[in-house]
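J.: Chain residues, written in single-letter form:
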Amino acid sequence: MNGGVLPFSIALLGLLVAVTPLVTRLLGRASGWPLAAAYLGVAALLAPAAGRVLDGEPVTWSRAWFPALDSSFALRADGLGVVFAAIALVIGAVVLAYATSYLGEGRQTSFYWLMTAFTFAMVGLVLADDLVLLFLCWELTSLASFLLIARSGTSAEGASMRTLLITGLGGLFLLAAVAAIVARLGTTSLHEVLDSPVWAEDPAFATLVAVLVGLAAFTKSAQVPFHVWLPDAMAAITPVSAYLHAAAVVKAGIFLMLRFSPALHDVVAWNVLLVVGGLLTALVGGFTAIRQQDLKKLMACSTVSQLGFITAAIGVGTYHALAAAVLHTIAHALFKSGLFMMVGVVDGAAGTRELTRIPRLVSQMPVSFAVMVLGCASMAGIPPMLGFLSKEELLAAYGETPGGQLAGVVALAVGALGAVMTFVYCGRVVFGSFVDGTSDREIKPVSPVMIGMAALPIVVGLPLALAVGVLDTTVGAATQAAVGGPLEDPIHLALWHGFTLELFISVGIIAVGALLVANRRRLTPFVDGRRLAPDSATVIGAIRDGLARVGDLAARGVRADHPSRHVSINTAAVSVVLLGGVIAVRDDLAAQPLQDNLMRPFDAVVLVLMALSVLGVAVSRTRLAATLCLSGVGILATAQIMALGAPDVGLTQLLVESLTIIVIMLVLQKLPTTFGNPRRDGHSRLLARIGLSVLSGVAMAAGTWALTSRRPRSDVAMYYLEEGPVETEGANIVNTILVEFRALDTLGELAVLAMAGVAVVAVLSSLRHEYLDPPPAKNRWYVKPPEVTLTGKGTTAYRAIHRTWPNTVPLQLMVRFAAPVLVVISAYLFWRGHNAPGGGFIAALVGSAIVALMYLSTSRDRQLGRPRLPLFLIGGGILIAVASGLWGLLAKGSFLEPLHAEALGQHWTSSMVFDLGVYLGVLGLFLMTVNLLGTSEGEAPAPGEEWTRERVDEAFEGELPGPMDTVRGERADDHPGSRVGVRTHHVSQGVPPREVGR
Amino acid sequence: MSAADLLPLLVAVPLAFAGLTVLLRRHVVGASLLVVTLVGVLVTSVVLIARHASTPVLASGVGGYPAGVAIPFVSDTLTALMLAVTSLATLATTAWLIMTGETRYRFVVPLVLLLVAGVNGALLTGDLFNLFVFIEVMLLPSYALLALTGGWRRLGVGRLFVVVNLVNSAVLLIGVAFVYGTAGTVNIAALAGRGVQDDRTGLAVAMVLVALAVKAGIVPVHTWLPRSYPATSPGVMSLFAALHTKVALYAIYRIYSVVYDGQASWIGIVVVLAAVTAVVGAVSTLGESTFRHAMAYQMVAGVGHILIGVVVFTQASLAGGLLYLAHHVITMAALLLTGGAIEHTYGSHRFDRLSRLMTREPWAATVVALGLLSLVGLPPTSGLWGKLLLIVGAAEAPGWQAWLLVGAIVLASIISIIALQRLWSEIFWGPSMETYRTDNARTRISEPVPLPDDVRIPARMLAPGTAMIAVSVAIFVGIGLLSPVVDRAAAGLGDSTAYVEAVLR
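Chain order of the listed sequences is A and B.
UniProt numbering puts the first residue of the first sequence at 1, with every later residue one more than the last.
UniProt numbering puts the first residue of the second sequence at 1, with every later residue one more than the last.
Hints are computed from structural coordinates only; laboratory data are not their basis.
Treat the hints with caution; some may be incorrect.
Unchecked claim - Cut-off 25 Å, straight-line C-alpha distance, at most; resulting in silico cross-link-like pairs (SDA-like, lysine to any residue):
#1 892/A x 3/B
#2 670/A x 155/B
#3 670/A x 153/B
#4 892/A x 876/A
#5 892/A x 402/B
What the hints assert, rightly or not - Per the computed footprint, the stretches of chain B lying under chain A, defined by three or more beta-carbons under 8 Å from a beta-carbon of chain A, are:
#6 251–259
#7 385–395
#8 477–491
Here the structure is a predicted model, which is why all the values come from computation and not from measurement.
Ideal Cβ positions, reconstructed from N, Cα and C, are used throughout, including at glycine.
Build the full structure now, drawing on both the sequences and the hints.
T.: What follows is the structure in structure tokens.
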């Protein structure tokens, strides 16, 4: 049928989450009442649908949701869903009502909010008919339980983290299972997945999923070895524990196992994992529960053991066993929620949960005593409680354990042993908290609401057991869903079902248990609460520390600021890939031989010289020598290019080389003259470096040999050659490629080049003057100029050494003549670029040569041009270049598409405007570099000379009287108390700088 | 002039504004231009995403030259999605930089604009050499931004960043040259399928991919990334985290899908590397003891995850990888900006100098908590869907690869949970904080002083991180809206015919 009521209920619960903060604002801790009513309202809303479900007609609803996975927001109520939703809602309502009295005064928003969110997630989980939705709700319950524990104060922090870790691990198991299922079956619909024949056909896949789902459920349901988090979670307040243990998180695990049972109950791994894990958990839980001193911890361990019973029954997988599991889930939800709330009552009355310190409460609180006795009777399996019935069913189920009679007997025996333990710790709860107390602590009154709410689920169990037939359809429907098909014969529950083996075992359990409880004082030394195994904090802490050591190792290996280590790794990786690749493709090389005429004698000369130069760079001890060798490499490259017949590229290369060397020289004057000593690092390092160099050299050579020069001219090249001159009306193919065909590349490189000047200003602005131009006393690399004593101040010799300007006179004279010539050459190169070697870039480099000459010809380190001129050249260059592109877009319909026109007997093209942008940008960069780096050094510059920092500031601000000596160009005393950087503005020694618009 | 012809404006406008803001000294104007640009890119990308529902690919040759000669600018759903995600994260980071005053450092605005131009160009271009150019356009401002803000170590680390990236750019350029050497073209569409048909071209393109792998930070060539990023300021780190590795990953996705049709013979090696990257990133997080160093390794782990999408190369895995990428950008921005706000106020991001901020800064704590949940893939955040889709995709890998990849995701997740729990406990729980470090205008370093009670993170500094985590939560809630887009983007990668035809038409 159409189950519109399902999304409606979920939406209502979602709405409840949303309005809870408002409710708590209005009602404070009393918010539990309306929220409980709302829970019951939702339950009532679902009741008609539940009725139909119990009649055997599942209620479904679905909407498309997550197309990437073909996942839909599908809800489906079947027997299991109804039972678990009812538990979540009804127990939730009781707990909320209880909380109104338990909680202290105050808004308690986080508690109520998380509880409603928790219920929302839980109901979503049990009604989900889609793996994605199921997983989502599963994670939400993990998160909600974590937050509920974490909100309980400092002591709960560690416990909440461990809870999150373990349930998070479970979430990952489930996620892996979901991934495996979706990858295999291609659907996320849960019922389609469960109905699939693949579970029988592919045992390996079924085993994988069984193990993953089983482990996921184990983490949630606190099965060994993941049980450690549940006792830990005791740090949370009692209502949270009651809900967690009875209705929510741990039941989510049980639910998951029941949900997947139709698919997996015949998988051996599933049976083994669940039966062994479950029974082991029952024993471990029971054993630790017996030994606990803290009432609440005892109760937590009892949950572990009870869940173990259920898990084992699910693992048995027969329909009787599944019915028993469902029945015990219901019974456990009832008695455990009540008992936990009773722990809260005892805690409230006695002010302690230590069994040795609780006074004798029985006389003062008879009603509470009765409730506690009934609850424990149910847990211990004493007739006529519901717990008795469910335990009988469980024992019967263990007898059916697959794998032969022996397995059944062993399981039954272990189950019985677990039940004896249950009996014993139940006895401890009753007698320890109410009867045996000797302490004379004051007994405080406890709110009747708390006792009433705690009693409610326990007392309900009594008539339910007597008239257990009413559960027939419910348990039947749930079992049907867990079996995944119609039942062999209908479930019929009754308190008395004749003299069966289980009955005798039960009698035996009660007898042995009663004997042990009667002699409980002799057990006292055994009950010391000590842990026999290391607790979860220790184990998880050890795992974390171990991982941290691995992590430290992994991170430490690369913790170096020096680039060499990182570059070595990268270079080695590149070389290995390239060399390996060339070896792999060697067979293809024969098919594509090298083109003719590749080798000429001249190449060998260049090769040898260049190799020597590179070697020179590598072995030079002084920076100057290294720079010279580097320039040698550049010049040789120019020669090689020229020899290949590309004058345009060669010219560019030559100019770039010269100007680069000038800039490097400017930088060198600020650096120590020598490099560090490479031998300092030791012989093996040196060898490793040489080895890496040789390896990368060989790799690059092999790559070049294998991957280039083995094909005729490409189509693109032919197009450039044939169509280029026609299309662009320019004869210089290099230029037309640069400014027309691939102008976008040029635009990008122009931006890079020009903005490099801006980047230099930006970085230098962030450094204080004393670091940029350290005084000689602080500069450990400072080399004092040699003292040259010369007599006769006016002599030529004296002037030649001590006065700079006479030395520069010849150069200045030369500049006066050369500069105009260079300007003309520059303009000419620019002009003719389209047809002959030249163009904006080369022309700009020639223009830069003027700048370089002018800089070299000055006697003092003087700024060239107005301080902000470079910025205008840079910004203007970029703007002009982009503008020419936009012109093309507007006029011709494509960005950077050139326009051509004939005028004045000349061919004009808009790409010349673009070229102008290039020209300005490059010139601006060079001017900026020379201005910023060409400053004086030393303690006090001569009059008229400037500090680097001052130049930097002036490049941005215009003329200044001195450097603005701040780290970030802001002033600290401007806004005392406020953090610097918030209102950053520039300061120059107390005088705020001129800024446009201020 | 068609709509496709307007694509270069996504580069031209930021570039022009970069030129303009170099000239303008008025901060308000520069900051406004930056914000306007980013909003414009964001809006354009959303329009593009909508448009690609009917027109899967928009392509145009820049300069109006014939296809194959012109540099193509191409946009499909993937490109538009990347534009949207990167511009969103950049916008939030820019807002943060404005709030903290970092945009007032000289030329931060033009440098960020240039970075944006480079990112957009790298995402839109369909040409390998042009990709190299735009990666350079991204790198140049990054050199400056890295060394401009942050602590004293930024300069030494700046050298590391510059050297590594310069060498790597050279490798990238050599790779592009090899591609031209073997195939005679560097147009990605023209190279379609050539990686498989011709082993030499395959090798040449592999060189390009190796260079991109270094940029992306894949183990074992990741080392420079967690070393350099944390040395700069949180804002700049957030910018880099959202842009650099992600653009490289985008390029890897694109090139691998078009040139190799997603079936290179050597992909098994990358499968192992992806798994190792995810786990090494997670485990290295445990070895660090500052917020941003931990985040840097989480980035490495994220790179491993994202890479899984492309190595498995099924519809689900590609969608998973892309969703994870989007999620990771947004989550990382939220975490770095909020962590940055903490650092900015309390003067440190070291675990041992921060403590008990949960009570002091509940808002920041909430944002960080959600961010950490997102990183480990828990609700109510985008991380859940990213991890879910990715792991489903990984399970579709053949044979041992599925086991390895799913195992790596699970292992990395659990280790990340442990590591981030430690981070959380150290910073937000523990004893109350007694001292903090104020900022010092002259030295940037200062001694600890008693922490007064009224020191709090200003709300405006928390706003950008909050907005980003809100986006993450919105993705969690509205996955139904985002999922078709991711699906379309993945489909465009899985079958690149439409891309190739649109470019070479």
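J.: Using a Cβ cutoff of 8 Å, are there at least 3 residues of the segment 251–259 of chain B near chain A, or does the coverage claim fail?
T.: violated (count 0)
J.: Please work out if residue 670/A and residue 153/B have their alpha carbons no farther apart than 25 Å.
T.: Within the cut-off at roughly 20 Å; holds.
J.: When you check the alpha-carbon spacing of residue 892/A and residue 3/B, does it fall within 25 Å?
T.: 14 Å, holds
J.: Given the hint that residue 892/A pairs with residue 402/B, does the C-alpha gap stay at or below 25 Å?
T.: 52 Å, violated
J.: Does residue 155/B lie within 25 Å of residue 670/A when you go C-alpha to C-alpha?
T.: 16 Å, holds
J.: Mind checking the alpha carbons of residue 892/A and residue 876/A for me, to see if they're no more than 25 Å apart?
T.: 24 Å, holds
J.: Counting residues of the segment 477–491 of chain B that have a beta-carbon nearer than 8 Å to any beta-carbon of chain A, does the count reach 3?
T.: holds (count 7)
J.: Okay, the segment 385–395 of chain B and chain A, do three or more residues pass the C-beta test at under 8 Å?
T.: Our answer is that it holds, as 8 residues pass the Cβ test (under 8 Å) against chain A, meeting three.
Of the numbered hints stated above, those contradicted by the structure are hints 5 and 6, listed in ascending order.
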